[in-house]
Each structure stands twice: as structure tokens, then as C-alpha cells.
Amino acid sequence: MTNWTDICDVNDILPNSGRAALYGGEQVAIFRITRNGKDAYFAVGNYDPCSGANVMSRGIVGNIGDKTVVASPVYKQHFCLDTGECLEEGQNLKTWPVRVEGDRVLLTS
Amino acid sequence: MTQQLVVVGNGPVGHRVVEQVVAAGGDWSITVFGEEPRVAYDRVHLTGWFEQRSAEPLNMVAPGFYEENAISCHVGDKVVAVDLAAKTVTSANGVVVHYDKLVLATGSFPFVPPVPGHERDNCFVYRTIEDLEAITAASEGAKIGTVVGGGLLGLEAAKALHDLGLETHVVEFAPRLMAVQVDDGGGALLKKKIEELGVCVHTSKNTQQITDGDGAVHKMCFADETELNTDLIVFSAGIRPQDELARSSGLAIGERGGIEVNNFCQTSDSDVYAVGENALWNGRIFGLIAPGNTMAQVAAEHICGTGVTEFTGADMSTKLKLMGVDVASVGDAHGKTEGALNYTYINEVEQVYKKIVVSADKKHLLGAVLVGDAEEYGNLLQFALNQIELPDQPDAMILPSVDGAASALGVDALPDTATICSCNNVSKGDLVAAVAGGCCQLGDLKSETTAATGCGGCTALVTQVMNAELENLGYEVNTDICEHFPYTRQDLYSLIRVENIRSFDELLDQHGHGQGCDICKPAVASILATCWNDYVLEKEHQGLQDTNDRFLANMQKDGTYSVVPRVPGGEITPDKLIVLGEVAKKYDLYTKITGGQRVDLFGARMEQLPVIWAELIDAGFETGHAYGKSLRTVKSCVGSTWCRYGVQDSVGMAIDLEDRYKGLRSPHKLKMAVSGCTRECAEAQCKDVGVIATEKGWNMYVCGNGGMKPRHADLFATDLDDETLVRYIDRFFMFYVRTADRLQRTSVWMENLEGGLEYLQKVIIEDSLGIATELEEQMAAVVGTYQCEWKTTIEDPEKVARFNHFVNSDATDDNVVFVREREQIRPATAEEKCDPADVLATAS
Numbered sequence: 310m311t312n313w314t315d316i317c318d319v320n321d322i323l324p325n326s327g328r329a330a331l332y333g334g335e336q337v338a339i340f341r342i343t344r345n346g347k348d349a350y351f352a353v354g355n356y357d358p359c360s361g362a363n364v365m366s367r368g369i370v371g372n373i374g375d376k377t378v379v380a381s382p383v384y385k386q387h388f389c390l391d392t393g394e395c396l397e398e399g400q401n402l403k404t405w406p407v408r409v410e411g412d413r414v415l416l417t418s
Numbered sequence: 078m079t080q081q082l083v084v085v086g087n088g089p090v091g092h093r094v095v096e097q098v099v100a101a102g103g104d105w106s107i108t109v110f111g112e113e114p115r116v117a118y119d120r121v122h123l124t125g126w127f128e129q130r131s132a133e134p135l136n137m138v139a140p141g142f143y144e145e146n147a148i149s150c151h152v153g154d155k156v157v158a159v160d161l162a163a164k165t166v167t168s169a170n171g172v173v174v175h176y177d178k179l180v181l182a183t184g185s186f187p188f189v190p191p192v193p194g195h196e197r198d199n200c201f202v203y204r205t206i207e208d209l210e211a212i213t214a215a216s217e218g219a220k221i222g223t224v225v226g227g228g229l230l231g232l233e234a235a236k237a238l239h240d241l242g243l244e245t246h247v248v249e250f251a252p253r254l255m256a257v258q259v260d261d262g263g264g265a266l267l268k269k270k271i272e273e274l275g276v277c278v279h280t281s282k283n284t285q286q287i288t289d290g291d292g293a294v295h296k297m298c299f300a301d302e303t304e305l306n307t308d309l310i311v312f313s314a315g316i317r318p319q320d321e322l323a324r325s326s327g328l329a330i331g332e333r334g335g336i337e338v339n340n341f342c343q344t345s346d347s348d349v350y351a352v353g354e355n356a357l358w359n360g361r362i363f364g365l366i367a368p369g370n371t372m373a374q375v376a377a378e379h380i381c382g383t384g385v386t387e388f389t390g391a392d393m394s395t396k397l398k399l400m401g402v403d404v405a406s407v408g409d410a411h412g413k414t415e416g417a418l419n420y421t422y423i424n425e426v427e428q429v430y431k432k433i434v435v436s437a438d439k440k441h442l443l444g445a446v447l448v449g450d451a452e453e454y455g456n457l458l459q460f461a462l463n464q465i466e467l468p469d470q471p472d473a474m475i476l477p478s479v480d481g482a483a484s485a486l487g488v489d490a491l492p493d494t495a496t497i498c499s500c501n502n503v504s505k506g507d508l509v510a511a512v513a514g515g516c517c518q519l520g521d522l523k524s525e526t527t528a529a530t531g532c533g534g535c536t537a538l539v540t541q542v543m544n545a546e547l548e549n550l551g552y553e554v555n556t557d558i559c560e561h562f563p564y565t566r567q568d569l570y571s572l573i574r575v576e577n578i579r580s581f582d583e584l585l586d587q588h589g590h591g592q593g594c595d596i597c598k599p600a601v602a603s604i605l606a607t608c609w610n611d612y613v614l615e616k617e618h619q620g621l622q623d624t625n626d627r628f629l630a631n632m633q634k635d636g637t638y639s640v641v642p643r644v645p646g647g648e649i650t651p652d653k654l655i656v657l658g659e660v661a662k663k664y665d666l667y668t669k670i671t672g673g674q675r676v677d678l679f680g681a682r683m684e685q686l687p688v689i690w691a692e693l694i695d696a697g698f699e700t701g702h703a704y705g706k707s708l709r710t711v712k713s714c715v716g717s718t719w720c721r722y723g724v725q726d727s728v729g730m731a732i733d734l735e736d737r738y739k740g741l742r743s744p745h746k747l748k749m750a751v752s753g754c755t756r757e758c759a760e761a762q763c764k765d766v767g768v769i770a771t772e773k774g775w776n777m778y779v780c781g782n783g784g785m786k787p788r789h790a791d792l793f794a795t796d797l798d799d800e801t802l803v804r805y806i807d808r809f810f811m812f813y814v815r816t817a818d819r820l821q822r823t824s825v826w827m828e829n830l831e832g833g834l835e836y837l838q839k840v841i842i843e844d845s846l847g848i849a850t851e852l853e854e855q856m857a858a859v860v861g862t863y864q865c866e867w868k869t870t871i872e873d874p875e876k877v878a879r880f881n882h883f884v885n886s887d888a889t890d891d892n893v894v895f896v897r898e899r900e901q902i903r904p905a906t907a908e909e910k911c912d913p914a915d916v917l918a919t920a921s
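Chains as they are written, first to last, in the numbering used here: chain A, 310 to 418; chain B, 78 to 921.
Calculated from the structure, these hints are not laboratory results. Being a predicted model, the structure only gives us computed values, none of them experimental.
Part of the chain A face toward chain B, derived, beta carbon under 8 Å:
{"hint": "1", "residue": "Cys-317"}
{"hint": "2", "residue": "Ser-326"}
{"hint": "3", "residue": "Leu-331"}
{"hint": "4", "residue": "Gly-361"}
{"hint": "5", "residue": "Val-364"}
{"hint": "6", "residue": "Arg-367"}
{"hint": "7", "residue": "Ile-373"}
{"hint": "8", "residue": "Val-383"}
By construction, the Cβ of each residue, glycine as well, lies at the ideal position given by its N, Cα and C atoms.
Kindly produce the complete structure, drawing on both the sequences and the hints.
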């Protein structure tokens with residue numbers, strides 16, 4: 310059975326932006342993507358491998374083609390929120406499963 | 078069967094040989110020797126070392142390149158002998174390696190004139206990173222520095238000494254600077270311009286001896302019985318081929334040095350090649366990187382048997398920026414060809430010198446010299462290299478275009494064989510083929526062809542070729558802002574204004590598709606802010622903001638922020654200064670005065686920003702908008718209140734202007750300055766809007782900027798009273814905000830307006846479009862709805878909570894680590910983070 314950890318309220322994350330969370334000693338960037346009233350959540354590493362700073366949660370989200378991405382706020386590389394893949398360089402982000410129960414955002418590893 | 082290739086010399090050219098042989102993919106076992114203690118680095122951009130004082134950015138060897146290709150690399154080990162009969166080389170450390178093919182890429186060494194005293198302490202050359210380190214160390218105890226040699230490298234060395242804070246002299250034996258590339262007229266202008274930058278130039282000086290100085294370390298004594306006292310000397314009097322190894326092994330050497338090579342770069346021993354500055358081809362040595370790269374390619378192809386390219390000489394044309402002065406030389410710059418005719422253009426007002434040399438029949442361009450403005454270089458080079466027939470009036474090519482008639486050569490006129498990128502030898506045909514093969518963007522085209530990846534001087538031409546070819550292929554050149562909106566920024570501005578659109582989602586629903594991205598979102602956020610001036614951290618706007626706007630501070634490389642309170646006009650009371658000092662001390666922030674006369678406080682963690690700002694706002698400060706694409710600062714001198722020469726109150730005007738335009742969101746950041754007299758101490762002529770006091774009022778300058786591509790502002794209107802000045806600036810800024818492209822500076826915006834400055838004067842001063850009142854009203858709305866974003870933010874607990882580093886913990890980011898340097902904090906380097914002994918404080 311999978312253990313889900315309660316992280317925060319859905320309203321702690323504004324639509325179409327991210328927040329950093331501490332999970333199992335690691336920094337995770339959780340994103341809430343809202344379009345036409347529907348929400349989708351993603352969780353990737355908060356550590357930006359291109360700049361070495363914990364900043365991914367502060368990037369701008371959007372899409373490039375059919376990929377939902379976040380742009381690093383430091384040097385602007387794009388990372389796919391689904392897979393963690395970096396579109397410009399070979400340094401990818403870790404990803405975590407994330408789900409919502411009621412108003413709570415939950416993470417697991 | 079595996080063959081042995083040995084490359085002696087690990088400079089840029091030696092390394093190019095290795096890369097080319099590896100790329101050809103044959104079965105080679107490669108051994109490289111380098112005398113210097115590090116692997117190949119970019120010597121052409123050696124002066125770049127001063128930017129970071131680190132060899133790392135100059136490194137030319139890709140990580141893992143040697144390991145992945147099983148190349149054995151011996152750095153810091155000089156090859157001392159070659160045995161042609163036994164086919165071996167022997168190094169100083171006693172390494173002996175057999176070769177099937179040997180490449181000598183030993184380069185050159187700086188020539189030091191044998192003047193008595195040249196071996197004294199504090200005498201240097203300018204060739205390796207170690208030389209630069211030694212010069213920097215010596216500069217610390219020195220006041221005066223002198224460069225012997227006024228050639229290209231000498232002037233670079235002079236810039237370095239000048240930047241190191243030394244009183245700098247250049248001593249040149251010839252009667253002019255850059256004697257090889259430039260003629261007398263160009264040399265004289267170059268001398269004048271360099272002297273204006275604060276470097277003393279002494280031409281026609283023959284140094285006889287160097288002895289103990291009077292009040293300085295050295296005294297240089299010249300043949301004309303004059304003297305110069307100096308603390309350190311850098312010799313840059315030309316280069317000599319490093320041919321000692323070839324000489325001792327018995328290879329054929331030219332009369333005046335250099336290893337003799339044929340068209341395949343083979344020496345007198347057919348298994349031994351020489352490439353670069355040690356090679357003598359047809360009696361000539363080529364001291365530039367481009368010919369060196371060509372030789373490397375020719376030799377590598379010949380060794381691998383993959384090509385038939387021959388070295389047939391090289392074009393020695395160059396374009397440089399020396400101490401900020403454009404200098405270019407094309408082909409036969411001195412007009413040595415029989416029957417050659419010159420056209421010369423001298424503009425003493427703007428300090429521009431241009432000369433073209435044409436053939437006796439005036440049909441072909443032989444050479445050119447450009448000083449002060451080298452914009453036509455690419456054009457002239459193409460005419461010379463490709464023997465394109467000149468227009469009836471060749472002088473039109475260097476004369477300023479009075480009626481706006483373009484004399485530039487259309488790229489369509491170039492043959493496919495025309496070399497566009499001479500660093501990497503890429504022709505127009507190569508580019509055209511790559512575009513046809515699917516490269517529709519500059520980035521793709523660069524990585525596919527390597528064009529514009531060397532010195533970058535051909536980037537504009539490469540872009541032109543790409544766009545022309547795309548059009549030839551029937552593509553429309555796309556000006557859409559991004560994939561989400563089929564519009565330009567200007568279109569989006571009009572849509573938002575006309576349809577009264579108030580949010581990004583509304584705009585996306587009606588005119589776009591997808592989710593948006595980091596290009597369209599900040600652009601739209603900026604337009605919404607200029608049009609409606611909403612608070613930028615409203616729920617529906619905050620996700621659009623670039624990181625700096627989202628946290629109302631400037632993000633630094635370690636994820637911390639800097640805080641810049643507004644100090645209008647740069648005027649600040651002692652009490653407020655003390656508050657800044659106290660806040661900085663309390664939160665242990667690094668403090669620096671900015672170029673725009675503001676105080677910048679660095680190293681604030683995200684969660685500290687609201688508390689820091691609460692204290693600053695309590696003390697009467699406002700946000701400085703240093704994070705936004707908005708008005709940053711209005712710099713001022715002290716003006717007539719204190720200055721002996723001031724004719725108007727520049728401080729008062731600067732404060733008024735800063736208070737008026739603070740908070741105005743725009744396509745690019747904006748800067749202004751006000752000077753109280755023509756001495757221009759506020760440096761207003763490098764700002765988007767500059768104001769300079771006259772006896773009768775104010776002169777207004779527009780569209781200047783500093784930054785990567787500086788531009789002097791243009792005089793827009795003269796002797797304005799206060800009210801007219803403000804009215805013109807209102808109209809100017811609003812017209813710019815309405816019509817400029819995303820991230821387009823005022824300078825580029827004006828250059829792209831058809832009619833340029835004159836058109837702008839008509840719109841703003843004469844109201845030729847009839848929109849002046851509208852522009853003023855729009856500005857009045859922006860001014861009237863100003864709010865300090867930080868004040869609004871700290872008053873709302875929900876917004877303050879967004880600044881916590883973690884949503885589910887009060888912990889702080891343990892990756893933010895500082896060390897102390899010059900009594901202040903700075904971010905720890907990666908190495909320092911690994912060694913806790915160095916660490917000052919972590920965030921926890």
C-alpha cells in the first residue's frame with residue numbers, strides 16, 4: 310500500500326504557479342495548472358541543476374507544443390512537468406506522484 | 078590498423094587538428110603535448126580572463142573529450158626533441174612516443190626587443206594566462222604601466238592595464254598605431270580616440286635602454302632623449318614563430334624563421350605537418366585564428382585521407398573593437414596594388430575615418446580601412462573577397478546615406494561560394510543548404526553549420542541569409558510573439574487597450590491558444606500593468622510575472638534576492654542612510670552602491686523580504702522597482718544648488734521626474750538622468766531619456782543606453798521649459814510603450830521606426846498623428862494610480878505567506894550559504910559548500 314503524505318491546502322498554491330515543499334528531507338516544487346476551471350498538479354525537484362539553486366517552484370509555467378513545462382527563473386531552461394525532462398540540456402528533474410483528496414494536496418515517493 | 082598521431086602544441090590550432098581527426102572517425106591513437114600547465118584555451122579572447130579572473134570560461138576542450146576518445150594528453154610537458162628517422166618525439170619529462178604522423182602546432186612567442194634592461198623585474202609579455210596573472214599581481218603595487226608596441230595585441234594589453242587602474246602609456250616604434258592594418262589617417266584618428274579614453278600614446282619612439290626610474294620602478298630612455306617613468310612594462314612588439322624544435326630536428330626553416338610547409342601543410346618531411354603561427358607558407362606567416370583553423374582542417378583531412386582541400390593563403394581582414402573603438406581593415410588596406418585608387422571620408426565631428434581602395438578601372442574593391450565606425454565591414458569584405466563589381470560611385474559605400482538610400486549589399490547578390498563566417502569557414506552555400514534542410518531558426522543554423530560561433534562578427538549577415546532564404550522558399554518570416562499568440566507585442570497592446578481586456582486568461586481565451594509560456598506571460602503582464610496599472614501580485618496576475626516581479630526583488634544566482642529602495646534623484650538624508658545601514662547590518666546583507674546612484678542590499682532570503690521591507694517602509698522608503706521592466710532610476714549631479722558651474726536645479730528636476738514615472742511598466746527597463754550643465758556629470762546621454770540644463774532651460778536627449786550594445790542618445794529638443802519637458806517625456810514614453818516590441822530598448826525601437834529620430838520628433842513635438850493628448854492622458858492615468866507595491870504586499874498576510882520558502886515548513890533553504898569577503902557576505906562557491914570550514918552561515 311502506498312503512503313501518501315499530506316502537504317498543504319490546494320488554496321496554498323495559486324492557480325498556474327508553484328510552491329516549494331519539504332518532503333522526506335528533499336525540496337519538491339509542486340505546481341497547480343488551472344485551465345477552464347480544472348486543476349492538474351505536478352511535483353518535480355525544486356533544485357535547478359543548471360544554476361545550483363533551489364528555485365524551480367518560482368518559475369513560470371506554460372506549454373511548449375504538447376508538453377506542460379516550467380521555465381527555470383535563473384537561466385530559463387524549460388523542464389517538462391510530467392517527466393522532469395529538460396528540453397535544452399541533459400540535466401533532468403526528479404518527479405513525484407501527487408494527488409488531491411478533498412482540499413488537501415498529497416505526495417508520495 | 079591503429080596508427081599513431083602525435084600533436085605537439087595544445088593551443089587553439091593544435092586542438093582544432095585533434096577535433097578534426099576525431100570527427101573524421103579513422104582509427105587513430107592520438108597523443109597531445111602542451112607546454113602550458115592547462116589544456117587548450119581560447120587565446121584569441123585572452124583578455125576575457127580579466128572578466129572573471131578564471132581560466133575556466135576560456136577552456137576549449139569539451140568535458141570528457143580526451144577520455145571518450147582515448148587521447149593521451151600531456152600538459153605542462155614540453156617536447157624537446159623529434160627524431161625524424163626513428164619517428165619518435167621526446168618530452169622534457171622523458172616521455173618518448175612513436176608517431177606515424179606528427180603535427181607541430183607550437184605557435185609563436187612574443188618578441189621582446191633586446192633593449193638593455195628588458196630583463197628587469199616587472200617586465201612582462203602578453204601571451205598566456207600565467208602572464209596575465211603575473212601582470213595583475215604586479216599592478217597592485219604599481220601606479221603607471223607601459224605597453225611597448227601599438228599593434229592589435231598591444232592595445233588590448235593597454236586596455237587591460239587601464240582597467241587595472243594604472244596610468245597607462247603605449248610606446249610605438251612606428252609613426253602610427255596598428256601599422257600593419259591601418260593607414261596614416263586611420264592611425265591618427267585611432268590615436269586621438271584612444272588618448273581621449275585616458276591612455277597616453279607615444280609614437281615614433283625608439284627605446285634605447287631601461288634603467289632605474291625616478292619615483293617609479295623603471296625609466297625608459299628613448300632615442301630622441303625623452304624619458305618615461307613607469308612601474309611595469311608589457312612587451313607586445315610582435316610575434317616570432319616557435320620553430321626551435323623543428324630547427325633542431327632538421328626540418329626546413331625559412332630564412333627569417335618559420336617551418337616551411339606546402340599546400341597540405343606538410344613540412345620537408347612528408348609525415349610531419351606544421352599548422353598555425355609556426356608555419357611558413359609561401360614565405361608568409363599568418364598570425365590570425367582563421368587561417369590557423371583552415372590549416373588545421375587541411376592538415377587533418379590530409380592525414381586522414383578524407384579531403385583534397387589545399388591551403389592557398391588566407392584573407393587577413395579583421396574587424397575589432399579596441400578599447401571601445403571600432404577598427405577594421407580589409408584586404409589591401411595600404412593600396413599597394415599597382416594603379417590602386419583611394420576614396421577617403423573623414424568626419425572630424427563624429428571622429429570617423431573611412432577609406433576604400435579600388436582597382437585602377439574602379440570595378441573592384443581591393444581594400445578598406447575603417448576607424449570609429451565599422452558598420453560597413455561585412456559589406457566591404459564581401460565585395461573584396463568575391464570580386465563583386467562595384468557600383469558606379471564606389472564612394473557611396475562609405476558616405477553617410479543622406480536621404481536614407483541603402484548602399485548595403487543585398488545578400489542575394491552574393492555567390493554561394495562567398496565566405497560568410499571566416500572563423501569557421503562557412504560559405505553562403507552551406508547556410509542555404511542548412512536552411513533548405515530545415516534550419517529555420519538562428520540557433521539551429523548556428524549549431525548545424527558552426528557559423529557565427531567564433532567571433533560572432535557575422536551574426537547579422539547569417540541572419541540575413543537565413544531570412545532571405547526562408548523567403549525564397551516561400552516561408553513568411555514569423556513575427557509572432559510565441560506559439561500561443563499569432564500577434565506581435567504591439568498587436569497585443571492594441572487588442573488589450575481597444576477591447577478593454579483585464580487578464581491574461583481573457584486574452585488567451587479570445588485571441589490565443591494553449592497555456593501561455595515564459596515569453597508571452599511576462600509580456601502581457603507588462604502590457605496589462607501599463608494599461609490598467611493593477612497591483613501585479615493580484616491572484617490572476619502573479620503567475621504571469623517573471624521571478625523578479627513575482628517577489629518584487631532581484632533574484633541572484635544563489636536564489637536569494639537583492640533589495641533596492643527608491644532614492645529619487647539619488648538624494649538621501651543622513652537619517653535614511655543610517656536606516657539602510659542598520660537594516661543591512663541587522664540582516665547581514667551585502668551592500669553596494671549601484672551605477673544608478675541607489676543602494677543595493679544583497680543576500681536576502683525569500684522569506685526575509687517582507688520583514689526587511691516592513692522596516693524600510695516604516696522609515697519612509699518606497700519600492701525602487703529595480704526588479705521590473707519599468708523606470709529604474711533618474712540619476713542626477715548636484716546641480717546649481719552646490720556646483721560652481723550648474724545652471725539649473727538638476728536634483729529637483731530629477732526627483733520630480735522619478736516621482737512622476739516610478740512604477741511605469743514598459744517593454745524594457747528604463748533609465749533617466751538629469752545634468753545641471755553641459756559638463757554632463759550625470760551621464761544623461763547614455764540614458765533612455767537624458768536631460769541637460771542650458772542657460773535657457775533643458776535640452777532633451779532620447780534613446781541612449783549602456784548595457785551590452787551602448788548607444789549615445791540623440792538630441793531631441795532644446796531649451797525646453799519645465800512643463801514642456803514633462804509633456805514631451807510623457808508622450809515619448811507612452812508612444813514607446815504602445816509601439817515597441819517585447820524587450821526592445823528605446824534605442825533599437827527608434828532605429829526600427831521608419832524615419833527614425835525625425836519621425837519621432839514629428840509625432841511627439843508636432844503631433845503629426847494627432848495622438849499627443851491621448852498619450853498624455855494615458856500617462857496621467859498611470860501617474861494617478863501609482864502605489865508602492867511593497868506597501869500593498871506587506872499589508873496583506875495572505876500575500877506575505879507566499880514568501881515562505883516552503884509551503885509546509887518553517888525551515889529555510891539550506892543550500893543558501895555565504896562566506897565573508899572584504900568584511901561582507903558573498904555566495905559560497907560549489908567547492909566552498911563542500912568544505913564546511915569555509916562556510917560563514919547557513920540559512921538554518
